[in-house]
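K.L.:
First to last, the sequence lines map onto chains Y and Z.
Residues are numbered in the numbering used here as their position in the first sequence, beginning at 1, plus a constant of 244.
Residues are numbered in the numbering used here as their position in the second sequence, beginning at 1, plus a constant of 55.
Source of the hints: derived by calculation from the structure; they are not laboratory data.
Quick reminder that beta carbons are idealized off the backbone N, C-alpha and C, glycines included.
Keeping only pairs whose Cα atoms sit at most 25 Å apart, straight-line, the calculated DSS-like set for lysine-lysine is:
id, chain 1, residue 1, chain 2, residue 2
1, Y, K996, Z, K176
2, Z, K179, Y, K963
3, Z, K136, Z, K93
4, Y, K1370, Y, K1428
5, Z, K179, Y, K1185
Covered stretches of chain Z, as calculated for chain Y (at least 3 residues, CB under 8 Å):
id, segment
6, 86-100
7, 168-182
Each chain, letter by letter, is given below.
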Amino acid sequence: MSAPAGSPHPVASARIPPMFGGAATSGAVAPTDPSLAPHQQNGPAQSQMQVPSGYGLHHQNYIASSGHYSQGPGKMTSLPLDSQCDDYYSGLYAVPTQNVMPPSTANQQAGAQQIYGRGPPAPHLVGSTPGSFQGAASSASHLHTSASQPYSSFVNHYSSPATYSANSSIASQGFPSTCGHYATSAVSNAAYPSVSYPSLPAGDPYGQMFTSPNAPTVRPVKDHPFSGQNTAIGHPLPLPPPPSQQHHQQQSLSGYNTSSWSPSGLPPTNDSLTRNHTGSLSVSATNPTSTDSSSSAVPPNVHLPKSSPVVSTAVSGAPSSRMPPTAHHPVEPVTSVTQPSDLLQQKGVDSSSTTSSASPMPNSYEALEGGSYPDVLSSSASSPAPDPAPEPDPAPVPAPATPQPSKMAKPFGYGYPALQPGYQNATTPLHSGVQPSGSVYSGFQQCPQQYPGVSQLSSSLGGLSLQSSPQPESLRPVNLTQERNILPTAPVWAPVPNLNLDLKKLNCSPDSFRCTLTNIPQTQALLNKAKLPLGLLLHPFRDLTQLPVITSNTIVRCRSCRTYINPFVSFIDQRRWKCNLCYRVNDVPEEFMYNPLTRSYGEPHKRPEVQNSTVEFIASSDYMLRPPQPAVYLFVLDVSHNAVEAGYLTILCQSLLENLDKLPGDSRTRIGFVTFDSTIHFYNLQEGLSQPQMLIVSDIDDVFLPTPDSLLVNLYESKELIRDLLNALPNMFTNTRETHSALGPALQAAFKLMSPTGGRVSVFQTQLPSLGAGLLQSREDPNQRSSTKVVQHLGPATDFYKKLALDCSGQQTAVDLFLLSSQYSDLASLACMSKYSAGCIYYYPSFHCIHNPSQAEKLQKDLKRYLTRKIGFEAVMRIRCTKGLSMHTFHGNFFVRSTDLLSLANINPDAGFAVQLSIEESLTDTSLVCFQTALLYTSSKGERRIRVHTLCLPVVSSLADVYAGVDVQAAICLLANMAVDRSVSSSLSDARDALVNAVVDSLSAYGSTISNFQHSALIAPNSLKLFPLYVLALLKQKAFRTGTSTRLDDRVYAMCQIKSQPLVHLMKMIHPNLYRIDRLTDEGAIHVNDRVVPQPPLQKLSAEKLTREGAFLMDCGSVFYIWIGKGCENNFIEDVLGCPNFASIPQKMTHLPELDTLSSERTRSFITWLRDSRPLSPVLHVVKDESPAKTEFFQHLIEDRTEAAFSYYEFLLHIQQQICK
Amino acid sequence: MVLLTMIARVADGLPLAASMQEDEQSGRDLQQYQSQAKQLFRKLNEQSPTRCTLEAGAMTFHYIIEQGVCYLVLCEAAFPKKLAFAYLEDLHSEFDEQHGKKVPTVSRPYSFIEFDTFIQKTKKLYIDSRARRNLGSINTELQDVQRIMVANIEEVLQRGEALSGSAEIDTLNQKKYSSESPTFNKQHFLSYLG
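Excised from the complex, chain Y in its bound form (with noise of 0.2 Å):
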């Protein structure tokens, strides 16, 4: 099992997260490119041209992937790619010195990224805009972490040949990433690809292929804003108002998180790294060229090999394009060196970053999910560790070598399809030989194999059809000014990545695995260049009707990445497979062989795990680190004045005795309560006693149990006691006149009750806490409520709450919270404590049982949920992609205990995540990626489980492929993520300008793309349509907005709903469903368990549509409002409200009579299907228009006009404006 110690885990390095997170965050955001009008010929038109040949890379080795592009190139290209294949990997492996070549390149490559990124920009210094450098770093580290060199060596000499025999001026098509830079730098095409080619095939160690291209450019032009990654700076065209303020905002946007979550591993191996770093850096920006001795004395000799690499490749490909290149290339030899220094720099900051990770509980759950072999994990596996050494000197001819070989199990990726007719090809072993001597890592000798296989694949692969389609529907530009109805009547649905069919078949539902962009782009310039953000949302642990559950022996996992097989690994043959994620080949084991679905025998891709993109395994011993725990749940009620008044008691503890069988446990589970107001009260709930006993501590300063046991008791031996007590406890306090709250206090002593087991602590509390550890102040001023200009205290008040999370997740308890509070009570302190132990929030504001009665069914729905859902305990979940993408900034309720190591004390089915991504080393040798969520938790049942989810995507070349790709609502919900998190670290309105540039920037970006743009119109393509409307939806969002009066707590808790919810909810919360349901028919309905239920369309959010005569019904996913209009016919009011006339109808209706009436059954019928499709049963209000309570329904027209906000018109108007400066 275990791996060799210090073996480079490819996956760690792929894993290694920016520290920045600014690549993908600040293509997100940053100000648009305006270099790329240039580009704005190739239209799509060009574009697609350009696909195929970067496609027939791909396409040759993946059959299935490539998916619709057809065309001959890949077979034009196969040819070229033999011979160069060969001459590629003689040159690499069988030569030392050329090994020694790539890192040179690497280097110039990188520092002239760097002068991209900060040198025009001078704007930007080190210390004051830490964001700047975050897009250069990181795509900087990207090349460094692994060692991707050999691969985009070899990228390189498939894409020539393919690139020049298809056309000259598209050169740049081979290199996705490249292109980019290309096209947008006045100077000619021609030259610059021959420039880069010669570097890239010189395989830099750190392996970015499009840094290189850039390089070049660069030089010559010294403004150009190549690369997105800096953009706003050095962009010549003049872009939204300040670029350089949006920049920052941007950046910081992304970058805040990221620190915090810097991967634990780091600090130790790389601080050399990093003071080598900080050395470079200040040098760095100032001027790259100069520089870096230190860090690079080598590049003089790899120089050298360099040119030879180059010539080799020439001559292979396009012998005259690329003699150019060449000429070029001594130019760069001078920026070469300031590359290492990014690289470095990044590392420095991820390990400065580390810090606040640290685990209360050090590597044992990491081991136990298994990112690494535990042995590896110390040393290096979880950092990215493997790096480190190559960086930090190039020179030395040995150190180049071994990136080297990890980067070479990358191109196993051309097995990719899994199943397809491919994989025989990259059996054939015919440079097994080879091995290089000096490497240790042990996916090296597979290289060598691969290369053969990969000619042969093409050569297999040529003869495939892909289809190739004119435009896809989602590029249709749509005029968004001019379309008036831009809202679809149907609801939208996650676009389907464009896969092969067996592919598509195979892959994860997008309900628990979606990607913002579901063609991913080839590169970080790329992604740069459509300025549209780049992370999944997540939904692991939803409600499944069918999973398949598995049960074996062994859990066949990646030897080096640890990734669980899955439909997308290739089978290279019956006894091994190659992972998708890494590549590393591994052996089947023999019990896979066998297929007991089938009980047949050889078959292994037949076995479920690769049929399934999720699945379930049953859990060996290894994946515990103790015996599974009991499901143990604690109480902590306030029972303060205040909360007695409230009345919630009554129905909490009636919910709890109709619920307490359907607790999910098994004969262990166990129970308790602790209630406090000035002093801490405890029940004995020991078998055996006639009745609770009530124990009251009052010293709250050093509180203690009063008994050691007999607090949290077995459910079932001590049920009568139980029930004795939660008969007793709503009236236990009814004549209080304790107004103090002991929050704090009393959940330290809920901390120590739990710790010996873990669990989940369910906190009420109605009020600020006001006595003891952790009480607060009031800190929200009304009269602020309705400003436009600063929201203040947005953020915790004290660290109390978020370091007793801390503590209960170290001893894997969750803490939820219930907040039922009519005043101010500090939500955003007092969150902290369910944020970081990975619990959840409900909040309910103006809560009393009896003057409000529909909060009071909102609780009681809520808490039968939330008592009988599903609920894992001591969980963790690590999410693992392809190598060559990376994980920064994870969003949700959770900690983070290394890199990439979520610790969930608590999962539950309606948590949600998401987590953002940035491309580290361009993607050019795979045309598939892949995505893999592992969540490793304990059942209710004392079963250890681990659910694994993937998914696969498309890589792309083109920016039109990244355009025609993009799902907006994930794409939205990942933009609501980031500006919560940017709210709080910066501002409100940092958040909402960023929100405002993303549209502008990716608009923009999208406009300059096209052929016949025109200024005057504000173009998108189809699948962007929405995205105007939708932000302008956030921006009217609770959470957001300005200049409506707003209650501190309520947005604060609509930031928490942001964060923790997934996709599908988070949705509604943003953009509601509007129906007109006064005349619904049975036309287009569908049938479900014999109900017919009505499909209304979609109206859009705007008073416009809202007729007098109508009867509209909005749905905001917790909450559905029916409006009635004033000339509503009585005929609707009568069969479905049950009421003569619109007079009649009460002002608080909550509920649909059950009438026998044609209109009424389909109305009730289509609610009643609508709140199906949730968990959380939503309350239903019946508005009458005119009455008060219409302000909230009309809240949610965001299409509409408010004083403090734009119409959608209006926003588009502005936005376009904002293009145009």
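Could you slot chain Z onto chain Y? The hints should help.
P.N.:
Chain Z alone, transformed into the frame defined by chain Y:
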């Protein structure tokens, strides 16, 4: 003081039940002992002695093997040996009655984790010195407790062939092993957490 109780199948070392470690308040880290216990389970075989005491520093493991199931307890070294064995016998009789027949068929670890409830109750009985007096049987039945084999846990784990009784240990090697054993154990532990 009884710190840890585990029940496992001898044939493959599969853990069947265990009692949660209750001792975190006193700051004791049972992790290491738990891993030793897991290793021990993997080393046991049919030739292993059916009653054994293994010293592990300040702690002592006691185990019994009955019907292919091993009952193991970790106590402080000072905890009376006969009490420990009486406790294990109690667990055995109850476990065998409740789950004995299902033992060979299960494949999931901790399939009988719910037995924890019984373990905890029994444990309480033995820890409580007042209740202990009532356990008169232990004095009479377990006279032969003195004859139970005593060994050192680390040596046993080193040995490869666990507790077969026939394995002879080269004294030199033994020394060498014992000096290296801490690291070895750690590595071994880590490696199988995989």
